[in-house]
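*Asks:* As a plain string of letters, each chain reads:
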Amino acid sequence: MDTPVKPKPVPVVNPWAKPFWDAAREDKLVIQHCKDCGTNIFYPRIACPNCFSDNIEWIQASGKATIYTYTVVESNPPSAFIVDLPYVVAVVKLAEGVQMLSNIVGCKPQDVRCDMPVEVVFETLNEEFKLPKFRPVSK
Amino acid sequence: MSKLKGKVAFIGIGEVPTGRFPETAAIYHAIESAKLAIRDAGINKDEIDYVLPCAALFSPAFNTELVTCRIVEELGLKNVKKNCQVFAGGSSSTCATEIAASLINSGAASTILFVHADRLGTGVSLQGGIDLFAQAGISAEWEVPFGQHYSSIAAMSTMRYKHETGCTDEQMAAVCVSNRKWAELNPNAFFRKPLTLEEVMASKMLSTPLRAKMSNMLFDGGCAFIISSAERARAITEKPVYLLGEGGVVTHFVFSQESDVSRFGWARAGKAAFEMAGLTPKDMDIAEIYDSYPIYQMIGFEELGFAERGQGGEMFLKGDTWPGGRMPTTTNGGMLSQGHTGAGGACALMVETVRQLMGKAGDRQVKNAKFAVETAVGGTYMDAQVTILGTEIP
Chain W
86 MDTPVKPKPV
96 PVVNPWAKPF
106 WDAAREDKLV
116 IQHCKDCGTN
126 IFYPRIACPN
136 CFSDNIEWIQ
146 ASGKATIYTY
156 TVVESNPPSA
166 FIVDLPYVVA
176 VVKLAEGVQM
186 LSNIVGCKPQ
196 DVRCDMPVEV
206 VFETLNEEFK
216 LPKFRPVSK
Chain C
7 MSKLKGKVAF
17 IGIGEVPTGR
27 FPETAAIYHA
37 IESAKLAIRD
47 AGINKDEIDY
57 VLPCAALFSP
67 AFNTELVTCR
77 IVEELGLKNV
87 KKNCQVFAGG
97 SSSTCATEIA
107 ASLINSGAAS
117 TILFVHADRL
127 GTGVSLQGGI
137 DLFAQAGISA
147 EWEVPFGQHY
157 SSIAAMSTMR
167 YKHETGCTDE
177 QMAAVCVSNR
187 KWAELNPNAF
197 FRKPLTLEEV
207 MASKMLSTPL
217 RAKMSNMLFD
227 GGCAFIISSA
237 ERARAITEKP
247 VYLLGEGGVV
257 THFVFSQESD
267 VSRFGWARAG
277 KAAFEMAGLT
287 PKDMDIAEIY
297 DSYPIYQMIG
307 FEELGFAERG
317 QGGEMFLKGD
327 TWPGGRMPTT
337 TNGGMLSQGH
347 TGAGGACALM
357 VETVRQLMGK
367 AGDRQVKNAK
377 FAVETAVGGT
387 YMDAQVTILG
397 TEIP
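Taken in order, these protein sequences are the chains called W and C.
Using this note's numbering, you'd call the opening residue of the first sequence number 86 and step up by one each time.
Using this note's numbering, you'd call the opening residue of the second sequence number 7 and step up by one each time.
Just so you know, the hints here were simulated from the structure itself, not pulled from any lab data.
We put the beta carbon where it would ideally sit given N, CA and C, even for glycine.
Treat the hints with caution; some may be incorrect.
As the list claims (entries may be wrong) - Taking beta-carbon pairs under 7 Å as the criterion, some of the chain C residues facing chain W (in silico):
1. K84
2. V86
3. F152
4. M207
5. S209
6. K210
7. M211
So that you can see chain W by itself, here it is in the shape it has in the complex (with noise of 0.2 Å):
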C-alpha cells in the first residue's frame, strides 16, 4: 500500500509558549527564569513549576547541551517522517539544566551517544516555524 508523503507536522503553539517560537525564527534558543526562587524553565509555563510565582521573564540560553538519551529511528516512523529515515531522535539537557526533544543532525547517525555534548542549530520547518536541533561540538 503506498503511503502518501504527509507534511509535517508543526509545533501547536500555546500563546503564552510564543516568545520562544518568535525567537527561534531569529536563531535564538530562549527559555523562561523564575526570578524568585531562580528555577529554569522549559517549556513554557503560566507559573514557575516549582514555587508558583508568576514572576518568569525570558533568558537566553547558551545552546550548549548534552545528549541525554537517543534513538535512530530505521523504520516504522508516523507518516510525515518516512522521507527522513534514517533520523535520530533525542533527549537533550540544556547547560541551564532543563531538558527538550530534538533531533540530531550534522553527524552520522550511528556516531551518537550518550553524554555526547552538543550545541543548537536552527533548521527551517516553514515560514512560519524553524526548529531548534542540535549538532556535535565542533571540535
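The hints should help you fit chain C onto chain W, whose structure is shown.
*Replies:* Just chain C now, kept in the frame of chain W:
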C-alpha cells in the same frame, strides 16, 4: 495511608480472545466480557449498581456509546445508578480499581462493573496505528514536530538503561521470550508459537536498539471485572481476591521532561503499595508487570525489588520468570504476546492477576498463588501504578 486494605474484593472476571475480528462489532468485546464476568461472579446481573467503562481509542463514536450507557442497556442491567467513564490510558484499570474500592467502602456503591473494549487491530490500519500513537499522549508543541512516537520513546528508555547498566540486547530480548512462554499456555493470547532469542534479535530494527519483535502489536479485545465489598465477596465466592495495596506516582506528561527515563516512579509507587499491604516483594507468588515493550517490564521488575538494577535480564534469560520458574512474571504473555488493545493491556493484566489468585488460570496456573503484584502505566510512561492483591488479608 489509604484505608482500603482488605475492604473490597474482585468477585468476577471476563475476557474475550485478543486478535483481529473484522466481522465483529466493537461493542461485542465489551458486552461479552461483561457477561462472562457476571456469570463468573455467579451474581444476578441486576445487583450491579455502578458501571465504569474504560475508553476506546479506535473510534470517538464508539467511545461515546460507552459513555452514554450502551453497555447498561445491551445487558439489561436494571439497577445501575451511575455509568461513568474512568480513563487514564494504560493505567485505567488500576485507577478504576481504587475508585471502585473507594465508592464501595464509602457506601456509595455495592457492586461495580469495569469494562474495557477496543478495536485497534481491525479498526485502524497499521500506519494509522503508528500515526495514532505518534500523537496520543505526545506533546503537539514540543515532541510531535521532531518525529517522536512510541517506538522512539521505548528505544530512548532502552538506550539510557543499557548505557547505565550494561544490559545486553540478548537480556532485553529475553523478556520477550519469557512472555511468549506464558502466552503459549494462554488461549486468549494472539501470539502462541514459541519464540527464540535469535528470532527477536534478527527481527527488523525499528528505532535503535528496539527491534520489531520487541514491540507490541495492536489488536481487538476486551475484558471486564466486578468488585464488591470483602464481606459480600466472602458470602458469594469461594476465593475472594482482596485489594491489599495501592501505590501510584505521576511523573510527567511530556516524555522529554522525565528526569529518569530508565527508572520513573516505580520504586516509590512499589514501596507505598507494599507498605500498605504489609508485605514485601519476597511474599509475592506472582509479578504481573506491565510490558508494552521489554524495557518497561525490566524497569518495573527491578524497581519493585525482584532483582537488583541491571540484574533482571539474567533472570529473564535463565527462566526464573518462565512457567515453573521461581518468580512467575507477566503470566498472560503481556502486550508483547497476548497483544495490545490500547488501554486494555493493563486491564488484561489485572484480570490475569485475579484469575491466577482465583486458581482459574488453566495450563499456566501458578500453584498455590496467594499474593501477587500488578503494575500499570499510561501515556508516555507518565505514571507508575502498583496494585497488590491476595487471597487472604495479612
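*Asks:* Each hint: holds or not?
*Replies:* Now the hints, each set against the structure:
| no. | hint | result |
| --- | --- | --- |
| 1 | K84 | violated (45 Å) |
| 2 | V86 | violated (39 Å) |
| 3 | F152 | holds (5 Å) |
| 4 | M207 | violated (15 Å) |
| 5 | S209 | violated (11 Å) |
| 6 | K210 | holds (6 Å) |
| 7 | M211 | holds (5 Å) |
The structure fails to meet hints 1, 2, 4 and 5 from the earlier list, while all remaining hints are met.
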